[in-house]
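2 protein chains.
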Amino acid sequence: MRAVAAATKGWRLLLVLSTAGIAAAGARQPPNILVLLMDDMGWGDLGVYGEPSRETPNLDQMAAEGMLFPNFYSANPLCSPSRAALLTGRLPIRNGFYTTNAHARNAYTPQEVVGGIPDSELLLPELLKEAGYTSKIVGKWHLGHRPQFHPLKHGFDEWFGSPNCHFGPYDNRARPNIPVYRDWEMVGRFYEEFPINLKTGEANLTQIYLEEALDFIRRQQARQRPFFLYWAIDATHAPVYASRSFLGTSRRGRYGDAVREVDASVGRILRLLRELRLGESTFVFFTSDNGAALVSAPEQGGSNGPFLCGKQTTFEGGMRVPAIAWWPGHIPAGQVSHQLGSIMDLFSTSLSLAGLKPPRDRAVDGLDLLPAILQGQLMDRPMFYYRGNTLMAVTLGLYKAHFWTWTNSWEEFKQGINFCPGQNVSGVTTHTQEEHTKLPLMFHLGRDPGERYPLSFGSAEYQDALGRITPAVQQHQEALVPGQPQLNVCNQAVMNWAPPGCEKLGKCLRPPESVPEKCSWLH
Amino acid sequence: MRAVAAATKGWRLLLVLSTAGIAAAGARQPPNILVLLMDDMGWGDLGVYGEPSRETPNLDQMAAEGMLFPNFYSANPLCSPSRAALLTGRLPIRNGFYTTNAHARNAYTPQEVVGGIPDSELLLPELLKEAGYTSKIVGKWHLGHRPQFHPLKHGFDEWFGSPNCHFGPYDNRARPNIPVYRDWEMVGRFYEEFPINLKTGEANLTQIYLEEALDFIRRQQARQRPFFLYWAIDATHAPVYASRSFLGTSRRGRYGDAVREVDASVGRILRLLRELRLGESTFVFFTSDNGAALVSAPEQGGSNGPFLCGKQTTFEGGMRVPAIAWWPGHIPAGQVSHQLGSIMDLFSTSLSLAGLKPPRDRAVDGLDLLPAILQGQLMDRPMFYYRGNTLMAVTLGLYKAHFWTWTNSWEEFKQGINFCPGQNVSGVTTHTQEEHTKLPLMFHLGRDPGERYPLSFGSAEYQDALGRITPAVQQHQEALVPGQPQLNVCNQAVMNWAPPGCEKLGKCLRPPESVPEKCSWLH
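Protein chains in written order, with UniProt numbering: chain A, 1 to 523; chain B, 1 to 523.
So here's chain A without its partners, still in its complex pose (with noise of 0.2 angstroms):
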């Protein structure tokens, strides 16, 4: 089911090292697996990426002892398709995380959204518990927040966090808050029990999400089960929050003392691992779940270094994000790998590090890792980059071909909604629709990472790249199923009104009149 020849082979191997990964970690029990999975955090965000002010020394730190991923791609330039595709190792396309409303129109689940994660989609989490595994989630959902989408629901055993963003506060008539859960039960909404203060930008989320990490990994560790912990944190979000303690400490304003405060916190739990003496059997991967929101720079986003536009676009700011994985013991310090990898092969790669096999029933994106991670193999693979349904382009080796261009429309741009600030690059980053299927526009990334200078059309090195990309598009496209679409259908009844737990709390709000209408996506 893979899209090209060449992934085949690297997914034999994956078999012998998994193995070879199990038993190094330690004999009887599979490695503990710990997503850090970042929001709206850019590939420029973090010191070893080169932000300018580096201020990430714990993240630094976790890259000179790991590997870090100069090439690795979230699985759409937004939200919730991202993390579902995480979550299952398959494009949102396939599991339903994007609209047929409009054209290459992005889509996510705000509070309104009838769709969530399909009961048919396999998580993570659920695989796991084959292989004896506890999971637990904390911080952001955004797989649906209607009872059937629960994360308990599809594999975690707990949960600490939200189902959706932490935009407000809202006046709870027109529109609730959003609530916070623990497990099954919402325990507050954010701007109530959970307050943000929009003004200062305080809000002491990030410790409240630490703690229960440590706490996890602690009772985890008594009892000696292997864990997987999915740290969903949302501080980089705008609106962007940090803890008194580390409000007005970056040279970078609000946004950079979040990343602060996320930087310490993932100082903190590499450090419990070793002193838990869990490192050497705990796989740990930080990435982010787009690239930064270059639209709300720069007091409320983040960078992406030397590439182009941000969060929404399918160039590379908007879909290249930062990676480290850590695995003291197994990953030699301080390497770094050029593996064109993939917030899907999370999914895989977890699989193979548990000793399981992916499902065999469905097509899963998402490449096992470990050759690439453990052996410093290069797996040939290409990187589709979609906009709703609509395939923009695919980077194979260093050859990236855009088949559509557009970063938003002149409607909005003129209302000074810009995923581009700063950044023109004629007839590539356009305000109409522009549609180069026929001749796609063709940049070489290595040369070029900035996406700046088209090949001429006329040129072999055009010619030959075109060969190659060609055919594992179609071997893509051909094979391809689209899931049913989850992001088509709005509906003010179905917010987060009345919450499992709210009668306790005196905290149930009455819905509207349920009203089903389409969904306006207007990027």
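Rather than coming from a laboratory, the hints here were simulated on the basis of the structure.
It is possible that part of the hints are untrue.
A partial selection of chain B residues facing chain A, derived with a Cβ cut-off under 10 angstroms [what the hints assert, rightly or not]:
(1) Glu316
(2) Thr432
(3) Arg452
(4) Leu466
Note that CB positions come from ideal geometry on N, CA and C, so glycine has one too.
Mind docking chain B on chain A? Use the hints.
Relative to chain A, chain B alone:
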């Protein structure tokens, strides 16, 4: 004579520290000084600064063993003035490396320039003689090519390299090929005895320059005399070149091949220092003469990472450069200094290392960086960005004020000469010279290193920053005594027709009639 009062304090500290430094370096003699000066290499070209292909393992290792400066600046966005500033510790406006022929025009030293380094300037190797140093320049001199400007007349004891850029090939009738000197006499010319294949990019010049460095270090070690080696190589200046064994090895194309050879060469030099047990007695500093020449990208130009524009401009991409200090046993490994540093500081820092005081009869802009390097201090000081004799901008702390903005003229831009490819910040990257002296455009370089979001003129932050910048600029301008401009007059007759030694090689050419004229500087 210093521009800001705060620096004086730093200076006194230096006197204490320089003694400590020397003592630590080994009792009897001051440390060797090795300046590795790159040509048009950008801030974003090193892995440690975030270049995605991460092809500079030796430089990254140098940073890991030493101190990285993310906020280090050249003295000018162009080659000759920057180099003159490095060796004199003085801004080009003081040492004469500027033009008054047109407003805000950059000027340098092509073959037809009549001027060069004035005798009245004191160069670092002249001063280091007092402390017993032997000095060698390897590579590009660029401080004038007429006999009175010869580096051996300005303090250097040895030279292997060229007086001008390796442009060409020329026909030796309208314009001579650039000579290559060994000490007092030319030993050939580029494209003749020293071939550069423009088609393949092959030239073994970096290997020759490397051998010159290794040989000099070995000889000085045998003599047990302190040395100053100024390794001013030019492989990354267009036309970029690399030796055969490096050609085609980079993911970044030909420019990357050149970078890889430079990186490997730096590795060789540091390895030799260690082998000869000179590591602890040699202070090494790596930097570049100006930002990457984006006008030559992507095949012939590098990367300025997240910064705006490139060489020729006074945006960050034009003047912020990579900088690494390495001195095992003195500089703790893995440090990052946010000291605002300048290439001119290499003058003052080197004198301090040698136990010498800077000249007291003239203004010196360089700051002794030893308190920053050895004690982690941060010294407040303004950074001035000139273009010709026009003060375009100043940075103080994290704030940068632009008094003038200009990239290049519409005429040039329409011909495809673009110093900011793919970048366009409205009202900032202007193609007419825009004056903002009354109300400077202001950026916060921590939140906004890419200079994309000017502060609001009405904000308290703007007023506060301007209130601190204005007196620093006034102090600078009131005390400024411009040097005699050296780059105003051109004359075909002064070109490299018959350099000393040409008769031995049978390579003397006949100069045309002497016709002095005003140099025309386009940007």
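Restraint outcome when B:Leu466 is required to lie within 10 angstroms of chain A by C-beta distance
Violated, about 19 angstroms.
Satisfaction of the B:Arg452 interface hint, Cβ to chain A closer than 10 angstroms:
At about 4 angstroms, which falls below the 10 angstroms cut-off, the nearest Cβ of chain A leaves the hint on B:Arg452 intact, so it holds.
Going by Cβ atoms only, is B:Glu316 closer than 10 angstroms to chain A?
9 angstroms, holds
B:Thr432 as an interface hint toward chain A, with CB separation required under 10 angstroms:
With a minimum Cβ separation of about 18 angstroms from chain A (threshold 10 angstroms), the hint on B:Thr432 is violated.
Consistency with the previously given hints fails for numbers 2, 4, ordered from lowest to highest.
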